[in-house]
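Number of protein chains: 4
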Amino acid sequence: MFVFRFLRLVLRDVFSQSCLHQFLLEFVGTALFLSASPLTSGLVTSSPVCPLQVVLVFGLSVSMAALSVGGAVHLNPAVSLAMALTLRLRLWRAVLYMVGQLLGGVASALSFPSDSTACVQVSSGVRLHQAFTVEALITLQLVLVVMVTAEVPLPVGATPLLVGLTVSLGHLVAVGATGCGMNPARSFGPAAVTLNFKDHWVFWAGPILGACVAALLNDLLLRPRMFAGTVIN
Amino acid sequence: MFVFRFLRLVLRDVFSQSCLHQFLLEFVGTALFLSASPLTSGLVTSSPVCPLQVVLVFGLSVSMAALSVGGAVHLNPAVSLAMALTLRLRLWRAVLYMVGQLLGGVASALSFPSDSTACVQVSSGVRLHQAFTVEALITLQLVLVVMVTAEVPLPVGATPLLVGLTVSLGHLVAVGATGCGMNPARSFGPAAVTLNFKDHWVFWAGPILGACVAALLNDLLLRPRMFAGTVIN
Amino acid sequence: MFVFRFLRLVLRDVFSQSCLHQFLLEFVGTALFLSASPLTSGLVTSSPVCPLQVVLVFGLSVSMAALSVGGAVHLNPAVSLAMALTLRLRLWRAVLYMVGQLLGGVASALSFPSDSTACVQVSSGVRLHQAFTVEALITLQLVLVVMVTAEVPLPVGATPLLVGLTVSLGHLVAVGATGCGMNPARSFGPAAVTLNFKDHWVFWAGPILGACVAALLNDLLLRPRMFAGTVIN
Amino acid sequence: MFVFRFLRLVLRDVFSQSCLHQFLLEFVGTALFLSASPLTSGLVTSSPVCPLQVVLVFGLSVSMAALSVGGAVHLNPAVSLAMALTLRLRLWRAVLYMVGQLLGGVASALSFPSDSTACVQVSSGVRLHQAFTVEALITLQLVLVVMVTAEVPLPVGATPLLVGLTVSLGHLVAVGATGCGMNPARSFGPAAVTLNFKDHWVFWAGPILGACVAALLNDLLLRPRMFAGTVIN
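Protein chains in written order, with this note's numbering: chain S, 27 to 259; chain H, 27 to 259; chain R, 27 to 259; chain B, 27 to 259.
So that you can see chain S by itself, here it is in the shape it has in the complex (with noise of 0.2 Å):
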């Protein structure tokens, strides 16, 4: 009877337009992120690309991404983790969103079938433990800023581009390492689409685990607060 009565609500709250828009816009989100990707490894066979280059072509399509459907997406699913963990955002609505950037990542990989080289992979001569520890740790940082931005009142338009700086950061700092995943979305994408899933917990573990970390660090720690019952959005 309670449960009925709840999965009622659920429901209703999910078929909400506002909800449904939001799908959409991590979903539209996601893929035009993503879409870069395979661009500039697919088709720019002759030169081989410079790490830089792959570094801000990722910092700057999220950034534009995240500018064009609307500042508030989240584009990551360990993002809409950590919101739903600290409260920010309602359970169901956090898995919605996941469902979204996943479809997002398997779009933006089935339209440009590049070779495989755009899937992530733990460089050979790195460890899995070390590989989870940086997954982690570039993880950590990025949703502390991405916290940062949901609660201090920035200039408008400035939020693409600190997430922007961020995913640069977790891409110098890890691309030579696993390739930089940091985000479960654009690792599953290429991972579905060639059906290899070698290493590929590493890439959902290391966010997943980072990104508790930073939730529960800002909240504590950083920027302690009362957390009683103040759902958001």
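Only true hints are included.
Pair ranges (Cβ atoms, derived): (1) S42(B) <-> V125(R): 43 to 49 Å; (2) S137(B) <-> S150(H): 48 to 54 Å; (3) E177(B) <-> S150(H): 44 to 50 Å.
Just so you know, the hints here were simulated from the structure itself, not pulled from any lab data.
Built from N, CA and C at the ideal position, the CB exists for glycine as well.
Using the hints, position chains H, R and B against chain S.
Okay, now just chains H, R and B, sitting in the frame of chain S:
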């Protein structure tokens, strides 16, 4: 009778001071923007230009040109078209602006008669439909950002910088595949001067398709609006 | 008697909630900032790291760390010293912050025990007085900018970005000569872990001299002020 | 009689506190700005400096110097001249500022007596009239942006960053052809110290022409204004 009256209204609007001034700004701005590119490719003969340098030159020069002549210029026929398509700009004005932009492109190409290196060209190994897709995609993300800057109340001076960032992203992604047209005025100038129109349609059709899709995507999906006669400017 | 009363006042201020929280922020922020550097140098063993990559890593990581923990952190003993010298910060608080920063540096060096490559070292061919001058100069420009961000009412979020830019500039200029210390906490961490204190005084004396000169230059010449007991914070 | 009274007025203005303080800021700012360049070229002898590094050093150092000493400095004789030409600055003040800037350039060149590598020089293979055109063009775009920052109400702290971006653009375009003078104070300092005045007129005539054209273009065409005695500052 009706046509005559309509034409008189159009001409009165076209020959108004604001419209002619804007035409002039589009001409000067495009010439200024594009005068940086032949300098890079023509004079620096000793060392090979690295791709990042090209990316930064175009991103910064469009930024600085737009800032210099005033933030509301388009400097790109595809942008003017998208603005007209979404009823943000009167059609005849869009046509006039495009003429100004194309003249600016030709003027800059004329005053720096470098070898044909300033032309955009589809790289060998890249097929035409791929080049077309790339051009459409990078113009799509450019026009999406331009739409945002036209609607969201950003801080003063932010618009040229954001446009510069999307142009940088476009060059990062496409410079290896097509030389990055993204702007028919930029492609038309050197082509008209060197009379090298090989595959030139790609650099018109791609950006125009991208701009139209971006305009519809923005107005119908991302920021739906009732466009009932709200012709701006 | 007087000393006793003074000590009691100091201790009461030190053990206040705001001061301990700030101590914690300095510790966490410095550890976060410096955890990006061993990642770059330690794990990416295949390709040689290009100087621009190092520059961007340090500039971005200090930016993101300062943004994450809150804009008012120093993350650098030289900055805290300059603030205390110009009576912007109580002396005991400055000492406490420095302890936090040094502990943060050690913590980050401990948790990523890379080879000694994370140490800053005077390059062969660069004499000690040159290294000293370089370190003093880059810290001078850093502290000048920090002074500006502390006085001028900048937009929210601008301070971390500006500090990141000056740190980038410092690395661009000094990374070839000294590895760019610029921050005793950054130099002390790896040195304490690897017990490699060769020429270590340069990375303390240079930044301290630069910070003191910058503090005096700012308060006496650039933005002269009567400092009559305006102890802030 | 009239001349005497005029001279007395001029001298009273020149010896006012605000004017002398501004003179000092121009001196300190230019010396600070230019002290980064010999560091790069003089000490780092091992690896060849890549062009992007030079671009970033100059862009960032002018940005940080202007920010440190206060946003309203010119740091460039060509800019002061353009301001005087458009009646935004009293002529005698412009002359005084130029003296300060040139002294700053000499001071920075004296204190870091590197080999003559810090001198700007027309590259072999580039003819003098080409070098002249390049210098004029990059100064034109610099002064256009400076004019905008002087008129449009930008956010606090934006002016130094925008100027840094145009200086970066200038270096990107011109560093291969002329070493990028763009600023007579920057060119004069090392030339005066090493007494190497070969082709030195290019680095005065080019920027001066560019600045004058930019000033007229801005006031007559881009942002037309009635300049009836509105002497500012």
